[in-house]
Amino acid sequence: MVTVQLEIAPLVDAILRAGEKAADEVEVYYAESRSVGVDLKRTIIGEAHETRARGIMIRTVADGHIGTSSTDDPARWQACLDAALASGRLATAQEWHGLPGPARLPGEVPVFDPAVVPGVEAARRLAADLLLGAAEHDAGVIGGSASLSLSESVLANSSGVYYTRQKTGVGASLEAIRGTSTGYEFDRSCFLDIDAVDIGRSAAFLACHSANGKDVATGSFAVILSPVALAQLIGHVVVPALSGRNVHAGRSWLAGKIGEQCMGEVLSLYDDPHTRGLGSTLWDAEGMPARRIDFVEHGVLCGFAYDLKTAYRYGEESTASAVRSGPGGSPGIGMHNLVVDGPRGTVDEERAIWVHDLVGAHTANPVTGDFSVELSNPSWKEGGAFGEPIRSAMLAGNLFDMLAAIEVLGEVPRIIGTVILPPVRFNNQQIIGK
Amino acid sequence: MAEARYYDIRHVSGQVTHIDIDNGVIESAGTSFFDKAVVRALGETGWGVIAIDNFSGRSQAVIETVLQDALRLARATEEKVSLADAPSRILPVPAPALDPRDVSLEEKQAMLAGIEAAAKVPGVTSTRGRYTEEINSVRFEDASGHEYTYEITRCGFSVLAVARKGGFLQMGRESEHTIRGLNLAHREEMGRTAGERAVALLDAATVRGGTMDAVLDPELAGVFAHEAIGHASEGDIIKEGGSVIGGRIGEQIGNAVLTIVDDPTMPEFGFEPVDAEGVAVARTEIIKNGVLTSFLHNRETLAAVGGGAAGHARGVAGDPPIVRMSNTFIENGDATADEVIEACGTGILLRGSRGGQVDPGRGVFQFNAEYGYLVRDGELRDLVRDVSLTGEILATLHTIELCADDRRMHQGFCGKSGQSVPVSDGSPHVLLRSAVVGGHGAA
Numbered sequence: 001m002v003t004v005q006l007e008i009a010p011l012v013d014a015i016l017r018a019g020e021k022a023a024d025e026v027e028v029y030y031a032e033s034r035s036v037g038v039d040l041k042r043t044i045i046g047e048a049h050e051t052r053a054r055g056i057m058i059r060t061v062a063d064g065h066i067g068t069s070s071t072d073d074p075a076r077w078q079a080c081l082d083a084a085l086a087s088g089r090l091a092t093a094q095e096w097h098g099l100p101g102p103a104r105l106p107g108e109v110p111v112f113d114p115a116v117v118p119g120v121e122a123a124r125r126l127a128a129d130l131l132l133g134a135a136e137h138d139a140g141v142i143g144g145s146a147s148l149s150l151s152e153s154v155l156a157n158s159s160g161v162y163y164t165r166q167k168t169g170v171g172a173s174l175e176a177i178r179g180t181s182t183g184y185e186f187d188r189s190c191f192l193d194i195d196a197v198d199i200g201r202s203a204a205f206l207a208c209h210s211a212n213g214k215d216v217a218t219g220s221f222a223v224i225l226s227p228v229a230l231a232q233l234i235g236h237v238v239v240p241a242l243s244g245r246n247v248h249a250g251r252s253w254l255a256g257k258i259g260e261q262c263m264g265e266v267l268s269l270y271d272d273p274h275t276r277g278l279g280s281t282l283w284d285a286e287g288m289p290a291r292r293i294d295f296v297e298h299g300v301l302c303g304f305a306y307d308l309k310t311a312y313r314y315g316e317e318s319t320a321s322a323v324r325s326g327p328g329g330s331p332g333i334g335m336h337n338l339v340v341d342g343p344r345g346t347v348d349e350e351r352a353i354w355v356h357d358l359v360g361a362h363t364a365n366p367v368t369g370d371f372s373v374e375l376s377n378p379s380w381k382e383g384g385a386f387g388e389p390i391r392s393a394m395l396a397g398n399l400f401d402m403l404a405a406i407e408v409l410g411e412v413p414r415i416i417g418t419v420i421l422p423p424v425r426f427n428n429q430q431i432i433g434k
Numbered sequence: 001m002a003e004a005r006y007y008d009i010r011h012v013s014g015q016v017t018h019i020d021i022d023n024g025v026i027e028s029a030g031t032s033f034f035d036k037a038v039v040r041a042l043g044e045t046g047w048g049v050i051a052i053d054n055f056s057g058r059s060q061a062v063i064e065t066v067l068q069d070a071l072r073l074a075r076a077t078e079e080k081v082s083l084a085d086a087p088s089r090i091l092p093v094p095a096p097a098l099d100p101r102d103v104s105l106e107e108k109q110a111m112l113a114g115i116e117a118a119a120k121v122p123g124v125t126s127t128r129g130r131y132t133e134e135i136n137s138v139r140f141e142d143a144s145g146h147e148y149t150y151e152i153t154r155c156g157f158s159v160l161a162v163a164r165k166g167g168f169l170q171m172g173r174e175s176e177h178t179i180r181g182l183n184l185a186h187r188e189e190m191g192r193t194a195g196e197r198a199v200a201l202l203d204a205a206t207v208r209g210g211t212m213d214a215v216l217d218p219e220l221a222g223v224f225a226h227e228a229i230g231h232a233s234e235g236d237i238i239k240e241g242g243s244v245i246g247g248r249i250g251e252q253i254g255n256a257v258l259t260i261v262d263d264p265t266m267p268e269f270g271f272e273p274v275d276a277e278g279v280a281v282a283r284t285e286i287i288k289n290g291v292l293t294s295f296l297h298n299r300e301t302l303a304a305v306g307g308g309a310a311g312h313a314r315g316v317a318g319d320p321p322i323v324r325m326s327n328t329f330i331e332n333g334d335a336t337a338d339e340v341i342e343a344c345g346t347g348i349l350l351r352g353s354r355g356g357q358v359d360p361g362r363g364v365f366q367f368n369a370e371y372g373y374l375v376r377d378g379e380l381r382d383l384v385r386d387v388s389l390t391g392e393i394l395a396t397l398h399t400i401e402l403c404a405d406d407r408r409m410h411q412g413f414c415g416k417s418g419q420s421v422p423v424s425d426g427s428p429h430v431l432l433r434s435a436v437v438g439g440h441g442a443a
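Residue numbers (the working numbering), protein chains in the order written: chain L, 1 to 434; chain Z, 1 to 443.
Treat the hints as calculated values from the structure; they're not laboratory data. Careful: at least some of the hints might be erroneous.
What the hints assert, rightly or not - In silico SDA-like links for lysine to any residue, alpha-carbon gap of 20 Å or less:
hint: 1; chain 1: Z; residue 1: Lys80; chain 2: L; residue 2: Leu131
hint: 2; chain 1: L; residue 1: Lys434; chain 2: Z; residue 2: Thr125
hint: 3; chain 1: L; residue 1: Lys434; chain 2: L; residue 2: Val117
hint: 4; chain 1: L; residue 1: Lys434; chain 2: Z; residue 2: Gly210
hint: 5; chain 1: L; residue 1: Lys257; chain 2: Z; residue 2: Thr125
hint: 6; chain 1: L; residue 1: Lys434; chain 2: Z; residue 2: His398
hint: 7; chain 1: L; residue 1: Lys434; chain 2: L; residue 2: Pro389
hint: 8; chain 1: Z; residue 1: Lys416; chain 2: L; residue 2: Asp187
hint: 9; chain 1: Z; residue 1: Lys80; chain 2: L; residue 2: Asn212
hint: 10; chain 1: L; residue 1: Lys167; chain 2: L; residue 2: Val117
hint: 11; chain 1: L; residue 1: Lys214; chain 2: Z; residue 2: Pro100
hint: 12; chain 1: L; residue 1: Lys434; chain 2: Z; residue 2: Thr399
hint: 13; chain 1: L; residue 1: Lys257; chain 2: Z; residue 2: Phe168
hint: 14; chain 1: Z; residue 1: Lys165; chain 2: L; residue 2: Ala22
hint: 15; chain 1: Z; residue 1: Lys288; chain 2: Z; residue 2: Gly345
hint: 16; chain 1: L; residue 1: Lys434; chain 2: Z; residue 2: Arg433
To be verified - Pair ranges (Cβ atoms, derived):
hint: 17; chain 1: Z; residue 1: Gly306; chain 2: L; residue 2: Asp13; range: 54 to 64 Å
hint: 18; chain 1: Z; residue 1: Thr132; chain 2: L; residue 2: Gly98; range: 28 to 38 Å
hint: 19; chain 1: Z; residue 1: Pro122; chain 2: L; residue 2: Arg104; range: 47 to 57 Å
Ideal placement from N, C-alpha and C gives every residue a C-beta, glycine not left out.
All chains, please: the whole structure from these sequences, using the hints.
Rendered as structure tokens:
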């Protein structure tokens, strides 16, 4: 590293001491990371890259005024602290009952793998595996990427919290093409356990299988959404609807429905920060001990996600749902590992349209759940096997209606960002064909 | 250690200010700071790239070490990268009418609060106003001795209204972003428009999806230009074989009424005074009178592919430059907007945008309108909501039959390879025959 290694603990301590003189409470988050990766241009490596990043996020609370600021220059922490205090003076004062103190947090969460050492050779091996897998099908490679990362972070506050964490990451992706049929696959893990050969193989299979697809008529069909497809819709529609802030601000379809059967009986949704996932953690972004939160049990809505700020304001309890999603990396409400769970069955025994991915999932209406999107790699599936591919089709619907009428959840869950979910089968969905 | 065949350093420092007002409460407001550089070196084969933060004040010795690290990374590459020659110069950054730094955060907050409050028309139950301001100080230097420094300030606001009737919700949203200085003063009508739309959509029907003739308003047709042709013309995608329009320069790929341009020199939200490789920016006609004329290139993709001009490399602070759009638009035709709607006859008028996406290798795009109207006998009828449009690039460009003369630009952010850059898209009203419209209603 060419960066000047700072002593982190004294730096954090200096910020806390200076902050306490000017505010009631101070919180400091420090993070440092290094990642190394390679990019495939078709089947050869065109670029190797390394990122070295650091950042400090300071939050101050004075008489219920919450201020935040961040900088990637630790030497400028005093200016950052001043900006946080100025930010607080502008924000509307609110009910506030203090940052958390230190808690006994037993055990560890699975986010660090000593075998993950960011380096160009390790990235090249992953890229070679991607190509090995892709070569099993008769498709061309457009590009791909492989990277490894290591990060260290500290969360400290003026109530005595000082938590440190090391986290590793491995990611790989490949995009294949045959004629004008494309296939994209990826995976990401905190561990060196991703199967790059399988990622390459899957992407190339998708490109080949979808070539020469046939048209489908407009009509009502059973549809299987893969974890990749469904995770996008859930991320754009359900995750914001579960945010306590959106609920109290009148922007959530789920507001006022606690205790109601909002979704299918087979469906449960919970955040499990202790399970293996990309967001696994023992504490949330405000230092609250993270725990399992049940949002939907057997289709019945039973709770929303709160951070301290929203909980204090509305007389609720924090669910330790703060993540670094706010401006400048400040805490905001989010998910650690949102698990989509329920009794499992077979999704593709009876004939249905299987959907690998969606084009335009982010255009779903986040308030109402209405969407209409183009399908990527749609294909008939029956008896557990791929049937004839479909050339082009749209799926139009309302995600909340769909989740209320789930047919069955598939067997094998997959980690997609901060959502862990299996493929899911929905009957009677509107498909717009060509 | 071998010398680099080429290197460049792009250092961006600055600050981001935001204000977030939620139902009259100032949720948060304030400023954060950043300071990042990207150092690229071309070894015997391809690129070694190092992104490093806190770059200000680094000594020449440290910079030299980072360059050598980049060159070491480059040794892992296999692709023999060549760079095309390209003119290098910088344009002046248009001066803002009112520099946002000359207005206090308290005054900005008061103006934003006025816009947010105006959204609370009867029926609206939730409002939110957001302001962002980003100041970038850019310094570029390369191995050929080119050196540029400039500063650019981008700012703007959005206002969201949610209306409720029983358990039924709808939303309306308006936004405007600019490089021309603070735009918050006397904009309460934007709040009202968002509020009134949210309320009106409570009574809107959903459309039954299918094939129909469609008129796109300037905002949505701009997104169409961006998604349906802009991305597919990006040189890096062409180079890797990931675009259906690769190898088609000189072909008639669209209706003769269609001219589509990307122009980073326009003083709009996607303006760049010089590209991220130090190359002079210029207007590029991607399609002229229906004929594919140019791809958008950086120096590497121009050398590898040809057909077009470099000057389209952009990078956000701390990320390497890649080929991007800037201000992308469909040129005016000679019809009026009313004539376009009349020519539609029976179909649908789609307005506003909730964004879109394209798979350029497959040649399929999707984008979503905020709302629309059914058109019968050339006249606007029922209001409809949640309508989207999909199509195949090569087929759809031929189906644009008519362009009006009322082009307007709209601002947004475009994501690619994890980087989100400010862009603007625009168009006059256009008529698409046999468009595939998505919706799940019965209207």
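Given the hint of 47 to 57 Å, check if Pro122(Z) and Arg104(L) actually sit that far apart at their C-beta atoms. 53 Å, holds
Assess, step by step, whether the Cα of Lys434(L) is no farther than 20 Å from the Cα of Gly210(Z), and give holds or violated. 8 Å, holds
20 Å limit on alpha-carbon distance, applied to hinted pair Lys288(Z) and Gly345(Z): With Cα atoms ~27 Å apart, Lys288(Z) and Gly345(Z) exceed 20 Å; violated.
Is the straight-line distance between the alpha-carbon of Lys434(L) and that of Val117(L) 20 Å or less? With Cα atoms ~49 Å apart, Lys434(L) and Val117(L) exceed 20 Å; violated.
For the range 54 to 64 Å, tell me whether the beta carbons of Gly306(Z) and Asp13(L) fit it or not. 59 Å Cβ-Cβ, so the 54 to 64 Å window holds.
Take a quick look at whether Lys416(Z) and Asp187(L) sit within 20 Å of each other, Cα to Cα. 18 Å, holds
Holds or violated: Lys80(Z) to Asn212(L), with C-alpha atoms at most 20 Å apart: 34 Å, violated
Check the hint pairing Lys434(L) with Arg433(Z) against an upper bound of 20 Å on the C-alpha distance. 14 Å, holds
Given the hinted pair Lys434(L) and Thr399(Z), is their Cα-Cα distance within 20 Å? Holds, because 15 Å separates the two Cα atoms, which is no more than 20 Å.
Given the hinted pair Lys434(L) and Pro389(L), is their Cα-Cα distance within 20 Å? 14 Å, holds
20 Å Cα cutoff - pair Lys214(L), Pro100(Z): It is violated: about 55 Å lies between the C-alpha atoms, which goes past 20 Å.
What's the verdict on Lys257(L) and Thr125(Z), does the C-alpha distance respect the 20 Å limit or exceed it? Satisfied, since the Cα-Cα distance of roughly 17 Å is no more than 20 Å.
Taken one by one, the earlier hints fail for this structure at numbers 2, 3, 9, 11, 14 and 15, listed in ascending order.
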